[in-house]
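Participant: Chain by chain, the residues run as shown.
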Amino acid sequence: MKKVPYRNQFSKILGLALIVFLLFASPLTAQDAVVDVIATEAAAGGGDAAKGKALFNQNCAACHALNRKMTGPALANVESRLNEDEGLEKEWLYRWIKNSPGLIKSGDAYANKVYAEYNQAAMTAFPTLSDGDIDDILAYTAAPAPVAPAAAAGEVKSGSSETSNSAGVSNEIILGALVLVFGLLVIMLLLVNKTLQRIAQANGIVVEKENAEKRTPIWKAFAQNQFLVLVTSIFLLLGSAYFAYGWMMQVGIDQGYAPIQPIHYSHKIHAGDNKIECKYCHSSARVSKHSGIPSLNVCMNCHKSIYEYVGNPEGPTKEDIENGYTNEFYTGEIKKLYKAVGWDEEGQKYTGESQPVEWVRIHNLPDFAYFNHSQHVSVAGVECQTCHGPVEEMEIMYQYSPLTMGWCIDCHRETNVKVEGNEYYEKIHAELSKKYGVDNLTAAQLGGLECGKCHY
Amino acid sequence: MASNKKYWKNEAELDPNDSIVEALKQNEFVEQIPVDDFLGDKETLSSTNTNRRDFLKYVGFSTAAASLAACEGPVIKSIPYVVLPENIVPGVANFYATTIANGFDFASILIKTREGRPIKVENNTLAKVGGSANARVQGSVLSLYDSTRLQGPLANGEPVEWDVLKAAVKSKMSGLKGSSKKIAFLTQTYASPSTDRLLADLMLANENVVHVTYDAISEDAALTAFENRYGERALADYDFEKAGLIVSFGADFISDWQGGGYDSGYSRGRVPKKGKMSRHVQLEANMSLTGANADKRMAMKPSAQKVVLAKLYGKLNGTSVGGNTSEYDAAVDMLAAEIKKAGSDAVVVTGLDDVNAQTVVLAINEMLSSKAFDVAAPKYIRKGNVKAVNSLVADMKAGRIGALMIDGVNPLYSLPNAADFKDGLSKVDLTVAFSTNWNETTEAVQYVAATNHYLESWGDIQIKKGHYSLMQPTIKELFDTKQFQTVILELLGSDQSYYEYIKETWTANVLNGANWNQALQDGVFSAETMVVDTDGATQNAISSEDMSEVVGVAPIASAIRSLVNTTSDGMELTLYSKVGMGDGQQASNPWLQEFPDPITRVSWDNYVTISKADAAELGVENVNVANGGMDGNYVKLTVNGVRLEQVPVVVQPGQAKGSVGLSFGYGKKVGLKEDMQTGVNAFMLYDGFSANQSVSVEKVSGNHEFACIQLHKTLMGRGDIIKETTLEIFNTKDHSEWNEVPMVSLDHQEVPATSVDLWDSFDRSIGHHFNMSIDLNACTGCGSCVIACHAENNVPVVGKAEVRKSRDMHWLRIDRYYSSEETFEQDDTKKDEFDGLTGEKGSLSGFGELEDPSENPQVAFQPVMCQHCNHAPCETVCPVAATSHGRQGQNQMAYNRCVGTRYCANNCPYKVRRFNWFLYNNNDEFDFHMNNDLGKMVLNPDVNVRSRGVIEKCSMCIQKTQKTILDAKRDGRVIEDGEFQTACSSACSNGAIVFGDVNDEKSKVAELKESDRMYHLLEHVGTQPNVFYHVKVRNTNEA
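Chains as they are written, first to last, in the numbering used here: chain A, 1 to 456; chain B, 1 to 1039.
Only true hints are included.
Here are the simulated PhoX-like cross-link-like pairs (lysine-lysine), alpha carbons at most 20 Å apart as the crow flies: (1) B/Lys77 <-> A/Lys336; (2) B/Lys963 <-> A/Lys418; (3) A/Lys427 <-> B/Lys1002; (4) B/Lys673 <-> B/Lys936; (5) B/Lys427 <-> B/Lys181.
Rather than coming from a laboratory, the hints here were simulated on the basis of the structure.
These numbers were taken from a predicted model, which means no experiment stands behind them.
Please build the complete structure, drawing on both the sequences and the hints.
Facilitator: Structure representation (structure tokens):
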């Protein structure tokens, strides 16, 4: 009689404690919304700078940066710099931008100096830019640099490390609470049992202890029943065979294989965030059996000018930071690329000392299976993602499909051959679809299941 | 009752003091079991305290670890280019036009490269001259990846820098300036305008430079005869396509006679068109490839050939030559009558190493004004000068040579007087050999300049006047090697590369304003204008024949006299070059070593060929032993005191009585792996650079084991395997008579086999249906398809011992059959006339007789690969469905599915399935190209390398047909006829193998399938093959 209120009291306390914990945890997770980087642009040159920025990105950014020497010189405050150091007027800049080769030819001293300094790579002439456009661009270059990104990133980092901790704690709390609940349940059961026994005792009922000797133990009874033994062992055997089969069938299937690569290359950033077409880098997929791992010169098409990672406009997500995918981390990976390809960032030239990157191959087809990318990509028009999964979301590339023969066959059975506009298929498709009485032939109907098509 | 008797096993046991007895009592083994030997170093083993139990633990652990690790896939690295070369797309093949010119083989070819590696040789169809690759040229790509190649320059056998070598040569050359000693260059035939110019430049800079050209197998007689007659050291060209009658005196023009390259034209003339084909009469001693293809072959010793040639000239000329009667008169009359009838359609050629014979042949062709005979634009691919070589050796011995550079030849192996040359070498101050491989000559010289393989070199070649080819590198030098011409340019102090030098030569002398890049892309350039020019010049020369006749009469008369007086004393030896080995340059090439000779079907050997009569007289024979191998006795050959001690014998049907044959190219030892050191060196008997020698043959003891892949010699009257007929019957009778469809019994009635079908037919009218046509008239048996198939399909080399056990892996074989009577037709008749089991016409003895080839048999070649039966017997017996049929007609083989029961091979009526008895790659037991990293570079990445325990066979190059289809799909176009090719069909420049889609009505193969000559192999079996043959037609029309 006494125990019941006691138990109630206990669970109440527990429930309260849980609520308090959860309340305490939730504000911590909500805190990261507070952090915001204010990087508004200083409107130094009036409305011109905004226009100038667009023009700059459109025309100049391939070779120039504001604060960094690239193919061409850094352009921050170029107008005032030229004026102060060289005594050159805006007029000179107009002439230079509109027709730099002409200016060099005319024998202008500073023009020739710049020309010589930058490996005699003449700047493209921009006769289409009006003086007004150039003024806009100059206004943009004269604008003060945006809030130092490093500081902002630091701020973000410090703010978010707390949040990441709190996220970890909240998980642990939930787990802990669950353990507590289970513990309580066990205790309660014991208590109930005890109470019941006490009640029984109090009522004078003698609980008879079963006579152990008279009864055969259950395992003995089981062993004696041959039918049961037979059925069980059949079940056991079948069960283990099922699991053994399942286990063996996965041998050599590396679905989900995501090895650590020598350079952390994020498909998410390239194909996802920046929407680079897959076949820009994997160009041989169009014409060859291999999709090809891009050679490093392909990387350098962009990374000659993209020398650092500046991240999402919204800043790195919590998850990224948890994994250590900070801007510095990515920039470090770009440096690894420079080292491999032998790119001297300072001198903006190749040193010739290259170090091929040893990527770990993810999709390993056995030698006895022939697969041709161009057949699927160019002829059939299959999206890369059909087999390779959501690559644009993969921070680390992994094997999405099982790449088993059954998987190939299934697709060949279901997929219609893309015959539209392909003269090759005209005759055979007309005749064969008539024979099979279908509108669209599947790859299988066209012979896509024959052994020799892939095994030779 | 116990006995007190003492038994002893050994006398020593009686001696109680013997230590061994005591030891035996104590130990089971007298000596310690040499556990330590196999466990490794004794000391390290004793210093550890690993006992037996520990050892077992380690073994157990490592086994467990290994099996655990096996569940985990290996980590495979993928390393892309840092900077992708512009023209390379990984996985897509590039083709480059280049030319082989190794002094023996000259051909314009295409090289297929994958990821920058040359992997296959193809014919250059743009080339009008020399555009066909023979078996050796097909195989030459493997020699690039020869692991025994020299990897850098050597001085006295030690590696040195190029600068050291060049400095040594340079200082010696300047030291010799003004001295009386000469600087000699002993080289192969280059036929290269740029190299000629380069050597001329060198001679200009150093007046004491002499250049001696040396061909291992000399055509000096033909060159001298031509030079005497036409004033230029070159070889007359022959277009056998234009010839209506070919009379050949021992000229093996289908293989290597005068540089070869004549087989395509010959074959084109051999296919009956509008009831006409060429007639070919061959007089020869050895059974050559050419003789095997002849309509009429007369086995004749070289001495007899000379007499007949002289008498023939007389007969044609209307003069009486020699005695009135001789045993050869009948032959001469027959030949003369035929030639007179054919007139200018006839052409006479000879391979006799005799200036007189060569002169007479030129005179006859001139007399006939033969259409096939071309002296206006002669060939330049043999330049070797015997006199110059001999005087060089004499000069060397006399100490008159200050420096000797050798390029492209191996005189210490191939000179008959190699000992003299070696003597001379020691008296030369500076000796340099340019070579790709370590050999007899590099062993003896001071400096070895490691040279490029031709696939790493620049070059230009003028195969025939006005027909130029370019050689361009298809891969960067694999090793620290330089080509001869580059070194010479450097010695001259030029900073030009050889490429620039060639371009300069061509712009100035060859191109005549044409585009250099176009010429480089095509690989060939024909200076049409120049030919017209020289045509005019030679027209003049020929029209002023009276003059040349005046000059010529006396030499001809004396030539005839000396020819007709040729006497024969005893056995005559004819040295020849084998299709596979040529002059032996590529002796380290396993493909070529394993290539079975088209005639004897023996691989990995050379041997004396001898007629059956002579063999019986000598008591030598070939026996077939129980394991399927062929054995032969040894003989000793003696020529002018030079002896070859142990030469195995092959009894050759068709070998002229009193003659023997022996092939060049074998017996090399230095620088070769042990497996490749095969045969005997015939160059030792090449006395005076004449292939015709008188020889004494003597039986010696011993038995030689051959690796012969075809023991069955005759067709046994089974006319349905090789069907043949004569031109007359072909022209006059219905094809049902000469191309009978076999009859089978259905419901007790004889019906044509083609009308009976046990199976439900599959509709093959939709899509592609591949068929292959093999024309037995056009097939000369040259075997380039065999090597092409090897290269394309990664067919393994198994070695001599395995071939002997009939475990050769060739997917494509060329069966050779002899007739047991004079002709195959007589065989058939004989078989048909069998009556009863015994008796005179009994089949029991009759079949026994049919097994023996006749003395001068007819020969037929038949390429056999998987017939890709539409009703394939192999497919129905495979327990695991590893072999199945494709819609496009190919019989497909899934290696990964095969479990190796070999039922299919057992059930195949054509015996074309091959079983992998061993793992032939990465296996220490085999030392061929698939077992070293370098050799593996030749593998075709599109074709599987098979493992042990699976059956493999011809796939009809499904990787090639699939590629053609894919290319068309990608371009969205219909496939043109001729696009579908297999390795063998594209290698066959004779047009014997044609491949294509029979569902394309306009295709050539569909047209050929409708031909009257078409038949299937073993048609009565009802397999409905997708490979068909064309009845062989022989032109037996005698005048």
